[in-house]
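With chain U fixed as given, assemble chain P onto it according to the hints.
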Amino acid sequence: MRSKELQREHSALDITGILFVVLAIGVVGGGLAVVTLRNVIHAAIAMMVCFGALAGMYALLGAPIVAAAQVLIYLGAISVLIIFAIMLTQAGDANLPAPFQRQVPFAALVAIIVVGLIGWAVFQTDWNGATTVAAVNLQALATALFTDYALPFEIISLLLLAAIIGAIFLARRPEEDERT
Amino acid sequence: MGLGSYLIVSTLLFAIGAFGFLARRNAILMLISIELMLNGVNLSLVAFNAYQPSASVNGAIFALMIMAVAAAEATVGLALVIAIIRTRQTAEVDEYHDLKE
Numbered sequence: 001m002r003s004k005e006l007q008r009e010h011s012a013l014d015i016t017g018i019l020f021v022v023l024a025i026g027v028v029g030g031g032l033a034v035v036t037l038r039n040v041i042h043a044a045i046a047m048m049v050c051f052g053a054l055a056g057m058y059a060l061l062g063a064p065i066v067a068a069a070q071v072l073i074y075l076g077a078i079s080v081l082i083i084f085a086i087m088l089t090q091a092g093d094a095n096l097p098a099p100f101q102r103q104v105p106f107a108a109l110v111a112i113i114v115v116g117l118i119g120w121a122v123f124q125t126d127w128n129g130a131t132t133v134a135a136v137n138l139q140a141l142a143t144a145l146f147t148d149y150a151l152p153f154e155i156i157s158l159l160l161l162a163a164i165i166g167a168i169f170l171a172r173r174p175e176e177d178e179r180t
Numbered sequence: 181m182g183l184g185s186y187l188i189v190s191t192l193l194f195a196i197g198a199f200g201f202l203a204r205r206n207a208i209l210m211l212i213s214i215e216l217m218l219n220g221v222n223l224s225l226v227a228f229n230a231y232q233p234s235a236s237v238n239g240a241i242f243a244l245m246i247m248a249v250a251a252a253e254a255t256v257g258l259a260l261v262i263a264i265i266r267t268r269q270t271a272e273v274d275e276y277h278d279l280k281e
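Sequence order for the protein chains is U and P. Residue numbering for the first sequence follows this note's numbering, beginning at 1 and increasing consecutively. Residue numbering for the second sequence follows this note's numbering, beginning at 181 and increasing consecutively.
Chain U on its own, in the form it takes in the complex:
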């Protein structure tokens, strides 16, 4: 299946196909590195590779605004947050504990079932209408965001505020409680 796709790539030899294969290798390889690497900080770097390749994939799909948001939010904010959390909590890489729990076979089984079911559904479905990529119209997106989706937009701003206050409350050191 994979080789058939690659063969189609070589026959077509278009830049989109080559970019897709490179980015797909980046996404899946980065994801696999995240869940298998022993050192947590290496896994965080692999996560950044995975998210960066995913941003390229969004650009390939004609959604540069989503790609920009991916770079800003995931590569910029969440990666830095996670790396800070790792540096605050990990005590060096002197004695790395075993990375996996005992239920690895069960977890692998769940992952294989998910891939099997969704992959079967994807290959069974006839995507004859889906052949060309339509670029996202930025003006239409902005208009929709502030008219049809105005309420979810405002609710998300409230959610972010609640999350910030909650994070400050949770991560506060316990001895500061006595001063308040």
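In short, the hints are calculated from the structure, not lab data. Glycine residues also receive a C-beta, built at the ideal position from the N, C-alpha and C atoms. Some clues are possibly wrong.
Unchecked claim - Pair by pair, the computed Cβ-Cβ distance ranges are: (1) U:Phe106 x P:Asp278: 21 to 29 Å; (2) U:Thr147 x P:Pro233: 20 to 28 Å; (3) U:Phe153 x P:Gln232: 38 to 46 Å; (4) P:Ala235 x U:Ile164: 18 to 26 Å; (5) U:Arg102 x P:Leu279: 30 to 38 Å; (6) P:His277 x U:Leu161: 28 to 36 Å; (7) U:Ile164 x P:Asp278: 24 to 32 Å; (8) P:Thr267 x U:Ile164: 40 to 48 Å; (9) U:His42 x P:Asp274: 17 to 25 Å; (10) P:Asp278 x U:Asp148: 43 to 51 Å; (11) P:Ala235 x U:Gln101: 41 to 49 Å.
Claimed, not checked - If you want the ones that stay clear, here's a sample from chain P, every Cβ over 12 Å from chain U, calculated: (12) Arg205; (13) Asp278; (14) Leu279; (15) Glu281.
Showing chain P alone in chain U's frame:
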């Protein structure tokens, strides 16, 4: 280079995230695995949006909203993990068994 290839990549990313969440022992890596799963879903939404016959922006807006919710989730989740690690002195989730005893 149809919709199916993007959906397969998205499925693989989701499955890798699910595996990581169930199998890893480190609490921070479990959170990273959740982010991988959310990104897999995002990729499928953007791909469906791009391959729609009529021009649409709904999938892109869903993806942006998921990113905002994921940012909120990562903030609170990491704060919780840091608070737990501060009291337990370990990031390994199988060491958190006080309620079992």
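| message | A range of 20 to 28 Å was offered for this pair. Does it hold for the Cβ distance of U:Thr147 and P:Pro233? | response | 23 Å, holds
| query | Closest CB-CB distance from P:Leu279 to chain U, is it above 12 Å? | reply | 17 Å, holds
| request: Mind checking the hinted window 38 to 46 Å against the Cβ distance between U:Phe153 and P:Gln232? | output: Because 22 Å falls outside the window, the suggested range is violated.
| query | So the hint says 24 to 32 Å: do the beta-carbon atoms of U:Ile164 and P:Asp278 match that? | reply | 29 Å, holds
| Beyond 12 Å from every chain U Cβ - status for P:Glu281 | 19 Å, holds
| task | Check the following: the C-beta atoms of P:Thr267 and U:Ile164 are separated by a distance inside 40 to 48 Å. | result | 22 Å, violated
| Minimum Cβ separation between P:Asp278 and chain U greater than 12 Å? | About 17 Å separates P:Asp278 from the closest Cβ of chain U, which puts it past 12 Å; holds.
| request: Evaluate the given range 18 to 26 Å for the C-beta pair formed by P:Ala235 and U:Ile164. | output: 36 Å, violated
| task | Could you tell me whether the CB distance from U:Phe106 to P:Asp278 stays inside 21 to 29 Å? | result | 24 Å, holds
| Has the hinted range 30 to 38 Å been met by the Cβ atoms of U:Arg102 and P:Leu279? | Since the Cβ atoms of U:Arg102 and P:Leu279 sit about 19 Å apart, the hinted range of 30 to 38 Å is violated.
| Outcome for the supplied range 41 to 49 Å, where the beta carbon pair is P:Ala235 and U:Gln101 | Cβ of P:Ala235 to Cβ of U:Gln101: about 46 Å, so the range 41 to 49 Å holds.
| field | Range agreement (Cβ of P:Asp274 with Cβ of U:His42, hint 17 to 25 Å) | value | 21 Å, holds
Checked against the numbered hints above, the structure violates hints 3, 4, 5, 8, 12; every other hint is satisfied.
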